[in-house]
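Those protein sequence lines, which keep their order, are chains Y and L.
The working numbering applies: residue 1 is where the first sequence begins, and numbers increase by one.
The working numbering applies: residue 1 is where the second sequence begins, and numbers increase by one.
Among these hints, one or two may not hold up.
Unchecked claim - Quick partial rundown of chain Y residues pointing at chain L, CB under 10 Å, derived from the structure:
no.: 1; residue: Val30
no.: 2; residue: Gly32
no.: 3; residue: Val199
no.: 4; residue: Ala212
no.: 5; residue: Asp349
no.: 6; residue: Arg354
no.: 7; residue: Gly364
no.: 8; residue: Leu391
no.: 9; residue: Val533
no.: 10; residue: Leu541
no.: 11; residue: Gly546
no.: 12; residue: Gln549
no.: 13; residue: Leu557
no.: 14; residue: Val570
no.: 15; residue: Leu593
no.: 16; residue: Pro594
Unchecked claim - Far from chain L by the CB rule (all over 12 Å, computed), these chain Y residues:
no.: 17; residue: Glu274
no.: 18; residue: Pro485
no.: 19; residue: Gly543
Because the hints were derived from the structure by calculation, they are not lab data.
Glycine included, C-beta positions come from ideal geometry on N, C-alpha and C.
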Amino acid sequence: MPVDPDGPSRSGADYSGSPAGYSLVAGCEVRGRHLPSRVLFGPHATNLARRLGPEHVGYYRARAAGGAGVVVTEVASVTPDDRPYEYAPLASESRDGWAAIAAACSPALVLAGLGHAGSQSRGPLPRAPAVVPDPATRVVPRPLSAAETDEVVEAFATAARAAVDAGCGGVEVQAGQYSLLRQFGSGLSGPTPDDRVLVDVLRAVRDAVGDAWVGVRLCVDELAPWAGITLEQALETVDRVADLVDHVVPVRGSAMSVGATRPDAHTPTGFLAEECAAVRSVVAGRCAVVLAGSVVDPGQAQAALDDGIADLVEMTRAQIADPTLVWTVRDGRTPRPCVLTNQGCRVRDVRNPRIACTVEPAVGAPVPGPNVTSDVSMAALLTSVAAPEVLVVGAGPAGLEAARTLALGGRAVRIVERDEEPGGLLRAIATLPGRHRFAGLADWLVDEVVRLGVSMQLGISSDLPDGGSVLFATGGLDAPRPGLPIAAVVRGTAPLPDGPVVLDDPLGDGAAVALAEHLAQYRAVALVTPDQVAGKQLADLVGANGRLQRVGVERVLEHRVVERHPDHVVVADVVTGTRRTLVGTLVDAGPRLPAPTHPGAIGDARAPRTVAEAIREGRRAAEGMLRAG
Amino acid sequence: MLGEPIRVGRQVVRNRIVFPAHLTNAAEDNRPSAQHAAYYAARAQGGAGLVIVEEQALDRPYEKAVLGTDPAVVPGYRAITDAVHAHGAVVLAQVGHNGAQSSSLYARTVVEAPSPVPDPMFREVPVALDDAGIARVVEGFATVARHCVAGGFDGVEIQGSQASLVRQFLSPLTNHRTDRYGDGVLFLREVLAAVRAEVGGGILGVRLQGDEGLDGGLTAADAARVAARIADLVDVVNTAVGVATVTLPLIEPPMGVPAGYAEPVPSAVRAALAGTGIPVIGVGRYTTPEQAERALSSGACDLVGVVRGQIADPSFATKALAGRRVRHCIGCNQECIAAVGLNRRLGCVVNPDAGRESVPVPAPGPRRRVLVVGGGPAGLAAAAEAAERGHDVDLVERSDRLGGRLALAAAAPERGELALAVADLARRCRDAGVRISLRTDARELRDAGSGAADPAWCRTREEEVGGPDGGPPRQLRDAGSGAADPAWCRTREGADVVIVATGARPDPPSGTIDVTDVLTGTASPSGRVLVVDELGGPAAPSVAELLARRGARVRLMTSGMVAAEGLGPLLERERWRRRADALGIELLTDRVLLGDGILHHPTDTLEPLDADAIVHAGPAVPAEIELVGTRVGDVLAPRDAAAAIREGTDAARAVR
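Build out the structure end to end from the sequences listed, making use of the hints.
Next comes the structure, spelled out in structure tokens:
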């Protein structure tokens, strides 16, 4: 039973009012320890550095300072041959990093994430329970002998001891996604699944760390009932481990369904509530239970606590988007909303991107950053009252973020926007499937500039002043190509005639995929892409292609449009050149154009890209102005 | 002609063999590493006349780029140039800016280009450079060149071809400007003039694009025209075909593409530069000395670029000049092109030392008797390496031929060059004196109970040979017989070291035929054949093509999202798809066998099987053998030839 963020909770309580009084954000006693809040910042890959070091310290410190109750560090591999991704930390090299993070994050409870990726390792010769290839890489692992398995168990204990000795409050053992301990329990990974190795690890870890905190992140549903771990089996495991641990975080997904573990907004938020409640009832108070799974709204998190679903709530992506989430809620305000696109924070990618965030440009910014700072250092930029007013032209994400940043810095700001409603393309994007959270982002940005006293004039085609402090954030332009421009179609300014639609998508960045999904509910849709899959640039690639096929979109893969006519197009195979005709109205999802050049234009006006770049450039331009005084 | 010295600028290059610039991903913290120095030095030591070190970037195009604008690169440059000069080669650094062929992923700043035209692969709308931006970029080229000179390079080469802002200025597809830089040569001339001011009398070269492989794109005639207009500024012109982010297979074609396919480009440039004394470098899958020699003697170019041939055999040049056989690049593209594309370090299937030249190889220990069980790539590599290191080596192979599954794969259409890898390994074994016994099953040696003397290798040193995981050795039962009496058993007193390289065997689901059986000829399915691909590599597409050529009506099916997906990174997929299309092979994705039908899993739809035969390409299982020894290759975990050859080599080097 997923919790609907906008609907009533089990208890029927109303979460629409001020959140300042939420128990979620209040200090509390859990398992005999004082926690600053009931919000957990979960383990995730960051690619910030090859070892846990200063960059990680800054990253976690920001969340702890923002009020997180529990911080679980990036999972460190307990054996040196395990390499889940190129920048995955090794436990044997993490002692100093753990010590620094633990010291920096007090009074939050810092737990060292410990794991072994088994067949999901990317090392030269992964070791696993059996000779079963990883579905993603198809790499065949080497089976662990009984003696080697014992060594792995011992390695968990050794690493746990080292983490606690370094100053961590305890550890969280990974038996969820990317984990050998899940694989041992799964019929997907070997012929004789059982949870004995997990129990052995937890017992060894408990023995090694004594009273320190021991958590476990446990897969309770591999979404593969023919062989994978089911909730029923997982509850038996929970029963066996509940006395050994201080917390359980139920998670879901196997190597066959990696995208389901930390899904995007196509999956309802709080999707593990039912499983979490079942776990908590089995646990019956023997340990704490943590609700995980796209919980990004404080109201939903509070509902889970009030309804007895969980003792703590993991809000990882929410705290990537807003490190000060807990303090913001305590102040009765709404945190900067995570839009659940996974665009910047899904960094398990061969290119090794540093962690980033669509809505918060400070995340993962290289240190020293190119003029990107977080709100924490904003005070340093406070401007003199005498500085002239800044005119921001355009109230899309770039303009709103710039105005907000300037206002936070004490600058007088005025925004002019030609539309009747602020938000720019965010409003249009939000009408598409899986993108509804962009409306919340627009609302939040508008609320912020209003709160900060920015004056906003809507419905004004601005007469642009010469000189003065002006920021142009007027957005991109539709390209003068045949076909209806996708932005105009999504905005509703270019009405689609009835009948089939052909979407020409040379970019694969998500807009066309989302529009195709949307339109396919009402009409025949063909999506033409030069790539071997639709939506090549999407974090949610597998999910998107599945959805497109289920709603009946014809994916015209490895083709490009070569002739454009009012009622049909001709496409050609990009490899063989073979041509065919597709009947329908052409929608052009190709690259948009920048606005005519203005010095210092930001966002799409400079070069049409994604919301992330628009917000980043809004922030940077504003900070540049504040520095200049 | 290959051995004739040639003047390049004020330098004399000792022969005509060039090691052109290519990505290695060996940078550490975006600076040159000790691996770079060792890598390039190995080719200089191997005889290359001119070494051109990979792109020193002005921008942040990929994670492991060397950022040439950072002064901290200079000591690393010095290490490279000292190492290369020590072996008598001339060394240049390539300097480049990737323009729109780049990503904001690392720098988190907008990408820049002549016009706001997104690159087909990176797909980020760039900002058009204004005059100030152009001046900044030109100054950036000069800065990198200054660092190169300070680091001891003999000169620089400006990247104007595969991934390059210069190319974007030159190409009408990417330069839509209406200002004076609408003439892209103007930009190139400004870059060259600024760089010349830094390199002085050193060598200044440029690599020009001669065939973008795109409608309306640059051609050989364009390269010739550009070359003529910059002849006053450069000492050497290098050539290339293909755009890295669109037509990559043109740059690095896979096996099956003939050498010299790109020769029209250097030919045209050379004609345009006739009388200037500016030498022209030609490239294009020259993998043997004969091919390189032909390129020179035909007048296509003055120097020959050999990248993959010198990755495969660092001593290519020395061997070429001495008329000796080289270790062949087989054009598999697996560890060089594909691995680098996947952000891993460059390696080589046939040369296990490529990409780890900086890792010292231990000196050989005392001469040992080594028994290698299995004559696939792992066993052959182990035997050859051990024998070359002075050990006394026997190799036994159960079947009647060498090469294992690698040799089998060579039987597939367009995969014949794989056989060269087997032949090269076998030749090494022969030259180093390995005794090879075919049709010899190591297991039968133990089981036959004739009462003859025990094969001594089985018992003499077993206490020194650990189990596969380093644990205590298993006892060898029944280690007594002489019935089979292979040569090594009859004549040797015993083996000190056993290397087990027995490979893997197919394990097809019941009712299906394994691809291996099609390749060996054991099975010859016909009619409607469904080829099920659980591997994603070349095996299933190869066999599908083989069967279609024999007249079968073939469908190739995968549970994944893309058919023949693994051919993509190898740059084989486009060629294969054209052939498959001509043969009428149908491609099915997102489907698995289920009972008597096919399940389309995204929609949960069951489809009829509609096949007379099912051919299966799936994971093999280790062909274990009860024998104490070091396990290498597929018997350890079934993978590929690169792992097999690397592990076999390493096991031989570990013999103490």
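Evaluation of the provided hints:
no.	hint	in the structure
1	Val30	violated, 38 Å
2	Gly32	violated, 42 Å
3	Val199	violated, 23 Å
4	Ala212	violated, 32 Å
5	Asp349	holds, 9 Å
6	Arg354	holds, 8 Å
7	Gly364	holds, 9 Å
8	Leu391	violated, 22 Å
9	Val533	holds, 5 Å
10	Leu541	holds, 8 Å
11	Gly546	holds, 4 Å
12	Gln549	holds, 4 Å
13	Leu557	holds, 8 Å
14	Val570	violated, 15 Å
15	Leu593	holds, 7 Å
16	Pro594	holds, 6 Å
17	Glu274	holds, 23 Å
18	Pro485	holds, 14 Å
19	Gly543	violated, 10 Å
Violated hints for the displayed structure, listed by number in ascending order: 1, 2, 3, 4, 8, 14, 19.
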